[in-house]
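Please build the complex by placing chain P on the supplied structure of chain W, with the hints as guidance.
Protein chains: 2
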Amino acid sequence: MPPALHPTHLIALDWGTSSLRAYRLGAHGQTLELRALPCGVMQLPQTGGDGESGFEAAFEQACGDWLRAAPGTPVIAAGMVGSRQGWREVPYLEVPIAVDRIGGSLSTLRNRHGQLIHLVPGLIENSMLPNVMRGEETQVVGVLNALAGSGKSDASGQDILVGLPGTHSKWVQIRRSGAQSQLAHFDTFMTGEVFAALSGHTILGRGMQADGGDAEAGQRAFERGALVAQTAAGQAGVLSTIFSTRTLGLTGVLDGPGQREYLSGLLIGHEIAALQAMLRSQGRQPSQVMLVGEAGLCARYTQVLHAYGFGAVEVVAEATERGLWQLALTAGLLKHA
Amino acid sequence: MPPALHPTHLIALDWGTSSLRAYRLGAHGQTLELRALPCGVMQLPQTGGDGESGFEAAFEQACGDWLRAAPGTPVIAAGMVGSRQGWREVPYLEVPIAVDRIGGSLSTLRNRHGQLIHLVPGLIENSMLPNVMRGEETQVVGVLNALAGSGKSDASGQDILVGLPGTHSKWVQIRRSGAQSQLAHFDTFMTGEVFAALSGHTILGRGMQADGGDAEAGQRAFERGALVAQTAAGQAGVLSTIFSTRTLGLTGVLDGPGQREYLSGLLIGHEIAALQAMLRSQGRQPSQVMLVGEAGLCARYTQVLHAYGFGAVEVVAEATERGLWQLALTAGLLKHA
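Taken in sequence, the protein lines are chains W and P.
Quick note on numbering: the first sequence equals residues 1 to 337 in the working numbering.
Quick note on numbering: the second sequence equals residues 338 to 674 in the working numbering.
Chain W with its partners taken away, still in its complex shape (with noise of 0.2 Å):
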């Protein structure tokens, strides 16, 4: 293999629950090369071996000729793969936290060839609901670094509200003052996957229809759900208001592709409420939201926001290898600096 034209500085990895994406970084963090596998934590490679082979074999195939290419270089992995079910079960570090210390707080392991494998911690947050995420702390790293390099860091002292819609939408509380980052509080809504349970396993997914509607009836739709939770019918919550989904349709109001447009709308639509009404009650109004997350998704939410009088929403891309980047370099991982 001749000498690489941009020589590898970071193998970092995105290891969650059903994917595995391997991100090959240059000297100033870009992407070099992106591989992305189906071998999350719970589908990983069958090798018939012991329990590590299929973390051993996926890893392989994710940077195995990376590493033999560019021998030495640091390898960081966040997600799933440091949870019970992962590859080593890393301890979650405790909300409220600066931001800061998580690239501080790296564990490692070794594969079978002696390679030292960074793993990043997961959050938790000991309230009366507790609260987790494994991969997201990465992506909100990424999100500050992106605003640091964007000139916006002026607005120091402002809260940020960070959002990563999902099939668990996390939505994270920064608050800063001066250079430092807080991260204060987080919250988790299951709507992704409560979206995909009631399509696929309720009456609600009878009358649905996943594609052939018209694109402006859809969008409609989808507004006339999203609106649901402000109104005085939506004081009902969501429990209740998902059964409109159906009466709509068997009034002849919403067709088929527009019933399930108008649910995605009416379980976004109380997420963000509900969002709103917690930061109302902290006193909270964040001065900037940051969305992480895939683009029409991202776009869903940002319609949503912005119904119910979030201002300036902004989507970043690119935030989880700048995350890892940003973690790597936080742990002295990287020779420059």
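It is worth saying that the hints were derived from the structure and are not from the lab.
All C-beta atoms, glycine included, are put in the ideal place defined by N, C-alpha and C.
Incorrect hints may have been included.
[As the list claims (entries may be wrong)] A few chain W residues that face chain P, going by a derived Cβ cut-off under 7 Å, partial list only: (1) Leu5; (2) His6; (3) Met128; (4) Ala197; (5) Ser199; (6) His201; (7) Gly237; (8) Ile242; (9) Glu271; (10) Ala274.
Just chain P now, kept in the frame of chain W:
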């Protein structure tokens, strides 16, 4: 067949989505015989014939011999049999409605043997989020009939709340003035179906066990869940609080059977909290709550209702057969009266 000791006065069918219950009722509405068949409108016997023939076959199984033994007996049926997927679609009556009007609005069909079958209409409330019921209106009639028979009907002029917990819970507000009862408003909560979908088809089910737990610990887990909706953390709404089922498992607070009980309590608690908030904002405080449903489920709801400050809660038995009898009486189907 020898003449029956207790002659049949009414054949009453409670024909829902998944099951069909047939009652042979005597001179005073007492149940002489009951058959429960797995022949709901969504799982009719396979006949290979036309669309009607599944209904014909189920009807024959349910009460063909009763009719041959007592020709001319009136037949009444309530539930999804009158829906768009039913034997014949019966238009909904609109809420608010005087309860007496329901029995005066039955539709009829004739089966292939010329037997007249009277179908009870369902109810619709055409609000911003429309609500529908089919079958529960009959149980409400039965509850009011039971209440009149109990001598407690003196408390006219007071509101009654009828709760029908199940796959879809219905909460029905009855306003009484003199001998008149008005069905004023109702709400639907998909609590039972959501519980099944979350337990069976999301990550929350992964840590659960259905059986094997300590009964007392299970009861404590149920209570713990039921109270969440009235705490500050409960403000986050059900899309968020359900995640604590998992995190209280991860942190060792709840075992597998406990997680199941906790989620059950949590969802019912959110339902009752929302119901209470709506009643308060409407300025309505029911003097009495009457529950109809499976005994174990009614016990769960009674416990949560008490925890949320609802005073008098009573479980009403045999509401369906009482309601069908009362509706037949109002409709003039019974010779005596």
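Hint check results:
1. For W/Leu5, the interface hint is violated, since its Cβ never comes within 7 Å of a Cβ in chain P; the closest pair sits about 43 Å apart.
2. Taking 7 Å as the C-beta cut-off, the interface hint given for W/His6 is violated, the closest approach to chain P being about 39 Å.
3. The beta carbon of W/Met128 comes within 5 Å of a beta carbon in chain P, closer than 7 Å, and the hint placing it at the interface holds.
4. With 7 Å as the threshold, the beta carbon of W/Ala197 comes within range of chain P, its nearest partner Cβ sitting at about 4 Å, so the hint holds.
5. Violation of the interface hint for W/Ser199 is found here, the shortest Cβ-Cβ separation to chain P being roughly 10 Å, above the 7 Å cut-off.
6. For W/His201, the interface hint holds, the least distance from its beta-carbon to any beta-carbon of chain P being 5 Å, beneath 7 Å.
7. A hinted interface residue such as W/Gly237 counts as satisfied when its beta carbon comes closer than 7 Å to some beta carbon of chain P; here the least separation is about 4 Å, so the hint holds.
8. Among the interface hints, the one on W/Ile242 holds; its C-beta lies about 6 Å from the nearest C-beta in chain P, closer than the 7 Å criterion.
9. Taking 7 Å as the C-beta contact cut-off toward chain P, the hint placing W/Glu271 at the interface holds, the least distance being around 6 Å.
10. Using the Cβ-Cβ criterion of 7 Å, the hint placing W/Ala274 at the interface with chain P is satisfied: the shortest such distance is roughly 4 Å.
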